Amino acid sequence: MGQTNYLKLKAFSTSGCITGITFYQYVNAVSGSDTGDNLFIIDKWSGNVSGSISGISTSAVRLSGSIVYATVEQTSSGSSSNTIITPSSFRDSIYGKNICIVQLNSSSSLIGGEINIVEIPTSLNGWELEEVNAFCAGSSTNGSPTFIIEKFPAGVSSLSDSYANSMLTNSIIIEQGKYDSSFSSEQPIISERYKTVTQGNKLRIKNIISGASVTYASVSLVFIKAT
Amino acid sequence: MTKKTTNLKLTSYNAVTDSGSLVYNYINDVSGSATGENLLLIDTFAGQANSSLVNLSASIVTINNKLIFAPATVVTTGMSTSAIISPSGLSQSDYGKRSVSITLNTSASLLGGEMGFFRVPSSLNGWILQSAAVSCAGSSTSGNPTFSVFKYANNVNPYLESTGTKMSASITVAAMAFESSASEIVSTASSIFTENKVRVKCVVSGSSVRYATATLVFQKKP
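Protein chains in written order, with my numbering: chain A, 5 to 231; chain B, 2 to 223.
Don't read these hints as lab results, they were simulated from the structure.
It should be emphasised that the depicted structure is a prediction, and the values quoted were computed from it without experimental measurement.
Every residue gets a Cβ at the ideal spot worked out from N, C-alpha and C, and that includes glycine.
Treat each hint with caution, since some may be false.
[Stated by the list, open to error] Think about it this way: if two alpha-carbon atoms lie no more than 25 angstroms apart in a straight line, the pair counts; the simulated SDA-like pairs of lysine to any residue are:
#, chain 1, residue 1, chain 2, residue 2
1, A, 12, B, 160
2, A, 229, B, 85
3, A, 12, B, 43
4, B, 5, B, 50
5, B, 5, A, 33
6, B, 98, A, 12
7, B, 98, A, 174
8, B, 4, A, 230
9, B, 167, A, 184
10, B, 4, B, 48
11, B, 167, B, 136
12, A, 206, A, 180
13, B, 222, A, 95
14, A, 229, A, 212
15, B, 10, A, 184
16, B, 4, B, 18
17, A, 229, A, 134
18, A, 48, B, 57
[Claimed, not checked] With the Cβ distance kept under 10 angstroms, some of the chain A side facing chain B (calculated, not the full set):
#, residue
19, 39
20, 40
21, 44
22, 46
23, 78
24, 89
25, 160
26, 163
27, 200
28, 204
29, 207
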């Protein structure tokens with residue numbers, strides 16, 4: 005009688021080993037009810053396998069549970085130390101935004117027509133203008149200072165008005181006596197058509213209505229990666 | 002005629018159609034010790050299955066061990082190729098900082114009183130001023146140029162110091178030096194909120210100071 009390698013099952017060879025083995029002994033070795041017969045060993049092994057599979061399954065569930073993706077809110081707040089940031093949550097969080105602040109004047113009051121230019125770098129290629137605001141430190145004593153943002157294609161020979169596309173369908177207004185456009189009754193609206201910027205675009209921020217005695221006027225532009 | 006089972010290819014006997022088989026052949030097929038007998042096939046499978054389970058278990062342990070969150074310092078250095086980033090790790094790393102530079106003058110020397118402003122966007126709501134420093138291209142030949150940092154609540158006049166809150170101790174650039182130290186800001190007044198205005202002002206000009214620029218670094222509260 006031989007023995008298998010792994011489970012140590014009792015094997016019978018017809019080339020001699022079977023000689024002298026009674027059928028009783030054979031049946032007992034193959035399917036007897038004591039602890040050493042083949043069926044008992046196979047059954048025991050299957051129990052071990054089931055236990056292992058159950059343990060692995062539990063580990064896999066635990067592992068799966070530990071892979072929790074951070075929400076946009078968690079990514080923005082930085083409140084979680086055991087969730088994983090995804091590209092999507094990163095993009096939509098505050099860390100996925102780029103802010104550009106463009107100053108138009110300082111201690112000399114706006115007279116109208118002040119401009120400043122921003123060129124879109126490679127890293128913002130294909131991004132979208134998401135939010136705009138204007139601010140001044142000296143508020144207008146007469147009239148509401150108003151600002152526009154125009155986009156020019158890359159490579160144009162001049163920033164002629166004929167190349168300009170308005171990125172706003174409603175201009176940015178700081179109402180008389182106020183310091184921030186967010187307090188204005190009429191809010192800026194970003195153009196769906198021209199909100200996307202590409203590398204080399206020039207953005208011209210321009211004051212078109214000066215108000216009176218307006219100092220330290222600046223415009224904030226917030227960009228986010230397009231979906 | 003015996004048949005082979007689908008998976009392990011075990012030899013099976015049908016009590017009717019294989020009733021003429023010899024017990025000798027049956028025993029040999031069921032429990033023989035040569036290659037291809039049922040017991041050997043079961044045993045081989047048991048060895049393979051056990052090995053697979055051991056490997057699978059080890060793989061899960063390996064995966065589990067790879068779920069290591071990078072601390073902020075490691076996110077900053079960018080030196081790990083295996084750690085993963087959590088919101089906390091990102092926000093407290095250098096990548097979680099935002100710098101704002103405010104230029105107070107250019108080629109004309111500071112006279113004192115020059116100001117620059119920064120409007121806090123919504124994405125910096127609740128952040129704190131972490132450090133502030135001033136540099137200049139033309140250093141002072143006499144006196145120590147000094148600067149203040151104030152914040153103002155929404156829609157109040159940001160000219161008046163009485164309506165603002167001082168965010169840090171004064172920043173001083175020593176005479177003949179080109180930059181202040183980038184001091185850490187530890188102040189309960191260092192938090193900024195959407196639409197706050199932050200003002201940097203030159204309060205002591207020094208002499209012949211040109212291209213003075215304040216750099217404010219903000220970060221999410223831990």
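Going through the hints against the structure:
1. A:12 <-> B:160: Since the Cα atoms of residue 12 (chain A) and residue 160 (chain B) sit roughly 91 angstroms apart, the hinted pair is violated (cutoff 25 angstroms).
2. A:229 <-> B:85: Given that 25 angstroms is the threshold and the Cα spacing comes to 22 angstroms, the pair holds.
3. A:12 <-> B:43: 11 angstroms, holds
4. B:5 <-> B:50: 20 angstroms, holds
5. B:5 <-> A:33: Satisfied, since the Cα-Cα distance of roughly 23 angstroms is no more than 25 angstroms.
6. B:98 <-> A:12: 65 angstroms, violated
7. B:98 <-> A:174: 32 angstroms, violated
8. B:4 <-> A:230: 63 angstroms, violated
9. B:167 <-> A:184: 21 angstroms, holds
10. B:4 <-> B:48: 24 angstroms, holds
11. B:167 <-> B:136: 20 angstroms, holds
12. A:206 <-> A:180: 30 angstroms, violated
13. B:222 <-> A:95: Answer holds: residue 222 (chain B) to residue 95 (chain A) is near 20 angstroms, not above 25 angstroms.
14. A:229 <-> A:212: The given pair, whose Cα atoms are some 29 angstroms apart, is violated under the 25 angstroms limit.
15. B:10 <-> A:184: Not OK: residue 10 (chain B) and residue 184 (chain A) at ~81 angstroms, beyond 25 angstroms, violated.
16. B:4 <-> B:18: It holds: about 11 angstroms lies between the C-alpha atoms, which stays within 25 angstroms.
17. A:229 <-> A:134: Since the Cα atoms of residue 229 (chain A) and residue 134 (chain A) sit roughly 9 angstroms apart, the hinted pair holds (cutoff 25 angstroms).
18. A:48 <-> B:57: 21 angstroms, holds
19. 39: Nearest chain B Cβ about 17 angstroms off; hint violated.
20. 40: 14 angstroms, violated
21. 44: This hint is violated: residue 44 (chain A) lies away from chain B, its Cβ roughly 13 angstroms from the closest one there, beyond 10 angstroms.
22. 46: At about 6 angstroms, which falls below the 10 angstroms cut-off, the nearest Cβ of chain B leaves the hint on residue 46 (chain A) intact, so it holds.
23. 78: OK, holds: residue 78 (chain A) within 10 angstroms of chain B, min 5 angstroms.
24. 89: Check passed: Cβ of residue 89 (chain A) comes within 5 angstroms of chain B, closer than 10 angstroms.
25. 160: 28 angstroms, violated
26. 163: Interface hint status for residue 163 (chain A): violated (23 angstroms vs cutoff 10 angstroms).
27. 200: Violated, because the Cβ-Cβ distance from residue 200 (chain A) to chain B comes to roughly 20 angstroms (cut-off 10 angstroms).
28. 204: Not OK, violated: residue 204 (chain A) not within 10 angstroms of chain B, min 24 angstroms.
29. 207: Hint violated; residue 207 (chain A) Cβ to chain B Cβ min 17 angstroms, cut 10 angstroms.
In summary, the numbered hints that this structure violates are 1, 6, 7, 8, 12, 14, 15, 19, 20, 21, 25, 26, 27, 28, 29.
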